[in-house]
Amino acid sequence: MRAETRVKTLVVVATLGMSMLTAYAAGQGASKGLASPESFNGIADTNARSAAIFTELGKVLTHPRCVNCHPAGDMPRQGDAQRLHQPPVARGADGHGTAAMRCNSCHKDANFEPGRIPGHHEWHLAPREMAWEGKTVAEICVQIKDPARNGGRKVEDLIDHISKDTLVGWAWAPGYGRAPAPGTQAEAGALVEAWAKTGAACPG
Amino acid sequence: MTTLGITINGQVHAPTEVRDDLSMNDFLREYLGMTGTKFGCGAAQCLSCVVIVDEPDGTCHTNPTCVTSAASFHGKTIRTVEGHAKNGELSPLQKAFIRHFAFQCGYCTAGFLNEGQVLLEQLAKTPVPRAGLEERIAEALDGHLCRCTGYFKYHEAVLDVILSDAKRYLMQEPRG
Amino acid sequence: MRTSRREFMKWVSAGGISLSLSHLAAAEPVAFPARETLPGRGKLNPAIGGAGRVDGVAKVTGSKLYASDFRANDLPGWPAKTSHAILVRAPDATHVYLGMDLARLSGALKPTVIVTAADLARINIRVPAYYEGDLFCPVGKTPLYMGQPVALLIFEQFDTYDRARIALRDGTFVQFGEETGPIVMPNYAAYRFTRVAGATPDAPDVYSPVLAGWVTPGRTQASALPVWSSTAHKNEAGYEKAAVHGDKIRAEIAASESSALVLDRTFDTQSVDPMFMEPECGLGWYNAKDKALELVLGVQSPYEAAESIAFLLGETKAPFKPSAINAQFAYVGGGFGGRDHTPFIFYVTLAAIFFPDRPVRLAHDRYQQFQAGIKRHAIKMRSRMSVDRASGKITAFAADHVLDGGGLANFSANVATCAATAAIGIYDVPKVDVTTVAEHTRGVTAGSMRGYGSLQTMTALEVLIDEAALALKLDPIDFRRRNALKQDGRTMTGNPYIVSVRSLEVLDKLEQHPIWQQRAAEKARAASGILVGTGVACVTKDYGTGGDSSNGRVELSPDGRIAIFCDHVEMGNGIGTALANRVALHLGSIADEVAVSQVGVFDAMELVTSGDCYTMDQKTQDKAEKDPRWVPSISSATSASIGAHVGTHAAAEAARVIFRFGLWPAALALWNIGPRDPRAKDFAKAQWKDGQLTMAGLPSLPLDKLAAAAHARNLVTGAVAHGFSRWAWARARFPINGEQYRAEIDGLALRRGAGKFTRINRASVLFPPTDNNRMGTAYTAACGATVRVEIEKATGVLRIAKAYTAFECGQALVPEVVLGQAQGGFAMGVGYALLETLPPFEGGPGNGQWNLGQYLVARGSDLSLRDVEIELMPPLTPDELPKGMAEVVMIPIVPALLNAIQDAIGHRFAALPVTQAMLKGALA
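Protein chains in written order, with full-length UniProt numbering: chain A, 1 to 204; chain B, 1 to 176; chain C, 1 to 924.
Note that these hints are calculated values from the structure, not bench results.
Just so you know, not all the hints are guaranteed correct.
[To be verified] Derived pair list, reagent style SDA-like, types lysine to any residue, alpha-carbon separation capped at 20 Å:
hint : chain 1 : residue 1 : chain 2 : residue 2
1    : C       : Lys-920   : A       : Ala-72
2    : C       : Lys-793   : A       : Gly-73
3    : B       : Lys-167   : B       : Gln-122
4    : C       : Lys-793   : A       : Ala-72
5    : C       : Lys-380   : C       : Arg-908
6    : C       : Lys-473   : C       : Ala-260
7    : B       : Lys-86    : C       : Pro-79
8    : C       : Lys-43    : B       : Ala-85
9    : C       : Lys-685   : C       : Lys-380
10   : C       : Lys-920   : A       : Arg-128
11   : B       : Lys-86    : C       : Ala-58
12   : C       : Lys-920   : A       : Gln-82
13   : B       : Lys-86    : C       : Ala-260
14   : C       : Lys-802   : B       : Lys-167
15   : C       : Lys-920   : A       : Asp-165
16   : C       : Lys-802   : B       : Glu-134
17   : A       : Lys-145   : A       : Asp-165
Kindly produce the complete structure, drawing on both the sequences and the hints.
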């Protein structure tokens with residue numbers, strides 16, 4: 001009954017035709033990659049190429065890791081199923097929650113894996129005008145270029161925001177139970193850069 | 001391993017090493033034996049595990065312990081349910097919870113007590129008008145789950161404490 | 001540095017810093033019984049003057065109280081260190097179980113002990129019949145149900161355990177092979193309840209379960225569900241008779257379609273979790289040298305748990321067989337039925353037995369609690385009802401219920417019969433035919449949960465009733481009133497209730513309430529984009545199980561202090577305070593020591609039992625009762641809303657005996673009233689006022705003086721009593737002081753002065769007849785609700801604008817607690833109607849990945865707290881006995897909400913829950 005002997009017998013049994021049929025770690029699967037900017041070189045028309053690159057980037061922007069905290073209302077969503085955040089929280093005056101419930105009460109500087117909870121020292125909601133929830137990639141594109149709705153950023157600033165911002169970067173290392181955003185932050189950054197350099201056209 | 005030094009209910013705990021992946025809830029319950037702080041869901045959904053964190057600037061807030069590492073509390077000053085009564089005298093909120101029969105099984109009580117206490121202290125610093133009081137209480141307590149009571153009596157108890165010391169917690173109505 | 005709690009304390013002390021907590025600094029930990037006896041002698045007792053609960057102070061100060069609060073070093077005499085166990089469960093029940101991926105737990109994460117099915121077989125562990133099924137799925141078999149345990153892993157150190165549980169949580173640690181599909185098992189139970197009333201209300205029934213007994217169809221191998229037809233093969237004569245009547249009722253309903261209103265509807269309810277706040281846990285220590293097994297558990301059924309554990313280990317091989325088991329039961333952090341007969345206790349026991357000399361703790365986290373905790377039955381129902389258009393009277397009702405019982409039988413059979421016999425709610429229907437079957441499935445085990453089948457069937461009924469009223473263009477309350485069962489009417493099993501029937505009064509209250517009165521006006525003035533609707537429902541629910549026991553022990557000290565011991569459990573229901581109040585009616589003062597969940601303190605009665613009180617025949621009972629120590633059952637679970645009327649009964653009777661044969665003769669002596677003085681028999685005229693016994697024309701006597709006199713004169717100062725109810729209390733005569741004392745108890749032991757408790761043999765006993773087992777229930781409490789909802793057209797967001805609930809429970813022992821339970825029932829009902837749901841199989845909680853957040857229970861913001869009014873009706877008469885109300889209060893709000901939704905949006909939902917998304921869909 002002590003572990004040593006038990007382990008042996010079980011290993012013998014377990015190697016007989018073992019197959020792992022159940023993987024319940026929702027969202028643990030490897031994310032599909034992002035196409036590189038070069039892969040769009042075949043599109044001759046610059047605008048069309050630019051729009052196609054943005055469409056590829058759209059796989060990231062519309063991913064639950066991004067949309068959940070760019071919600072349409074005042075409450076974030078959570079999880080790959082994008083349920084309304086529980087307990088119910090609201091953005092509050094500064095996007096960091098209300099007096100009763102601040103984001104950083106639970107969300108600390110980093111993910112805490114035993115609690116399956118994501119973390120980052122700047123954890124907060126995107127401003128209301130940056131809501132992506134329920135929008136098409138084309139609509140997000142127009143929005144993201146609009147300084148009134150992108151935090152006063154120029155298109156070039158978006159390259160840094162998406163490729164270097166560590167809160168954005170969390171989307172690729174979201175911790176247990178959550179699917180990471182497609183590709184890597186660097187790949188997403190390369191797409192933004194290529195999109196900006198090709199005139200930052202939006203899909204039709 | 002990370003260093004954790006912490007003050008709990010006024011008592012200083014000298015720095016010690018804890019595992020990075022040790023939760024604050026387990027630090028309190030398994031290491032210190034302080035089981036007044038409950039474990040309910042382990043996912044910051046029921047908030048039965050919250051403690052009060054006292055910030056250096058004099059403000060305070062609650063913090064779940066089940067989804068936060070013990071190490072993240074390094075240098076902090078916290079209060080738990082075991083620390084509300086002073087010299088055997090229950091706090092006004094504890095008395096109100098009893099008087100109102102606010103809880104039944106009592107498992108969520110520590111969380112509601114800490115949350116209610118933080119609200120009282122926030123109101124003492126920044127009183128609110130009487131008109132919005134019930135909403136403010138509802139907002140403060142809404143993160144906490146209770147399965148026995150339906151919340152009614154918890155809200156009534158907090159309201160009672162505030163109204164019975166209205167000068168302290170409420171903005172004074174302009175005289176007309 | 002890996003510090004255990006002890007080491008940590010030592011280290012902190014060595015650093016020259018005082019310990020942080022006074023209760024840790026205490027030289028000796030407080031003994032478990034002392035901790036669990038509340039409020040404790042000399043402590044603040046909020047229950048005095050009705051200013052709180054006996055457990056109030058302990059609960060607001062974070063005292064160690066719940067099973068989950070205890071570690072080995074909290075318990076005097078135990079080794080200091082606690083080890084920790086993980087119960088590994090199968091997240092799949094359609095593939096062959098192959099073993100665990102133990103390679104994942106190598107090196108520092110290695111468990112010290114692993115316990116599997118093979119180990120249980122090796123030491124000859126027995127599973128009690130009630131829990132039949134493998135405690136662990138053996139390698140090579142397909143799990144019986146999702147979440148079936150496969151092994152216990154025991155870790156000596158907390159830190160190893162803590163890291164290991166993270167390493168194996170993803171669901172791939174348990175490995176599976178070939179797909180087999182789910183294990184097919186026979187149904188847990190199938191019954192048919194058929195009643196045909198006589199031609200007039202006074203005439204005897206033509207056929208009823210009370211007349212003919214309960215019947216079950218023959219097993220037909222070719223079909224998964226029973227074949228109910230009267231012409232099917234393999235049926236016994238008894239069943240066939242019921243089926244002939246039943247089939248006829250159904251034929252009549254079908255034939256009445258041209259003249260009467262006939263509705264034929266389905267209604268499906270979902271599986272939900274009781275979601276009590278404290279996940280199940282326990283602590284065990286097997287002291288191998290002394291062969292003593294120590295356990296700390298938290299369940300609703302302590303006596304049953306202790307017995308089942310003793311059976312489990314009854315034939316184990318040395319050195320695994322304990323010679324003594326000391327199971328101690330803690331306050332529980334919510335139960336709602338889900339801690340009644342829970343198999344979890346076996347795994348705590350096994351963890352202790354397989355790691356001798358080391359205290360081991362087993363605790364579910366919330367994912368595991370969802371994966372394995374007892375669930376509410378999902379029920380699929382089809383109901384047919386025929387209503388005479390002219391009179392608005394229901395003439396016949398037929399229904400078929402299929403319950404998903406999940407992986408183990410548990411209480412499925414009982415829930416099925418309770419659901420079926422509740423299927424006509426508050427109504428008097430002359431012809432009823434209800435079939436019910438509880439199936440085994442691969443889902444998580446379903447069992448007892450607040451509402452116990454009635455919630456499901458009465459929800460379906462009250463929605464159907466609403467539809468019928470609308471179709472007949474009758475006012476929904478008027479339609480209910482026309483059909484409501486009156487005081488002397490017969491239930492669908494054919495017996496009348498033996499308690500007050502007050503549904504008509506409840507209907508009156510609902511009708512008069514502004515929510516109902518103003519329903520049209522409120523609908524008319526709905527804001528733009530908002531749909532407003534009002535709904536109503538009224539139900540009545542049984543309490544008790546028809547075989548309920550109560551044990552109570554009361555002791556009075558010479559200084560007038562009262563101590564109460566009770567076998568029922570404090571799970572939030574306030575039983576401790578109710579006991580104190582009920583005993584105070586007889587002894588004039590609130591106890592300052594109340595101990596609940598007790599098992600061993602009633603031994604002085606030396607009770608014995610045999611047979612099954614629910615199924616035994618009269619002859620067997622008549623023979624057994626000749627032994628004056630025999631009772632039909634010894635102790636009951638705290639469930640079925642029996643806390644008030646059963647749980648407190650024996651203690652109240654014990655107190656009554658102490659008064660009658662202790663305090664009263666002491667008072668007579670102090671008053672100098674001799675035995676021949678006619679006033680010596682006036683004990684019923686004496687009254688307690690402010691702790692003093694008062695009697696017209698005589699000086700008032702304080703309790704402490706009386707207690708001292710009773711002790712000095714060696715009068716009765718303590719009593720242990722036992723009561724048994726089978727829809728009526730057993731009654732017996734006991735010779736005390738040369739008198740034949742009659743009471744509604746069947747066991748008694750007395751203490752005189754400071755002496756020992758000694759058994760009093762009953763001189764005669766009258767147990768309720770075994771035929772009472774044919775009743776569905778004879779105890780009932782009514783509750784009604786009306787609710788107005790506002791639904792946002794664009795989003796489907798529903799808001800409760802106003803709600804009102806009225807209920808009755810006889811005499812409320814602690815009115816504030818009763819009101820609190822009603823409020824909690826309301827909240828749970830709202831959650832059940834609008835939020836809570838668990839998929840039954842794959843993707844459901846058996847996969848071990850469910851938690852709150854995905855599972856939504858009602859929060860304060862879901863309840864419109866300031867717009868809910870709950871009325872506790874006064875007892876019908878001042879001396880009306882307490883009635884159980886803990887379950888009924890959650891029921892009517894569910895159909896009332898559905899009826900309100902129908903009124904608002906014109907769509908009638910036939911399944912639960914009705915979520916915002918569904919409302920949005922229906923409005924699209």
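May I ask which of the numbered hints given earlier this structure violates, with the numbers listed in increasing order?
-> Violated hints: 7, 9, 10, 13, 14, 15; rest satisfied.
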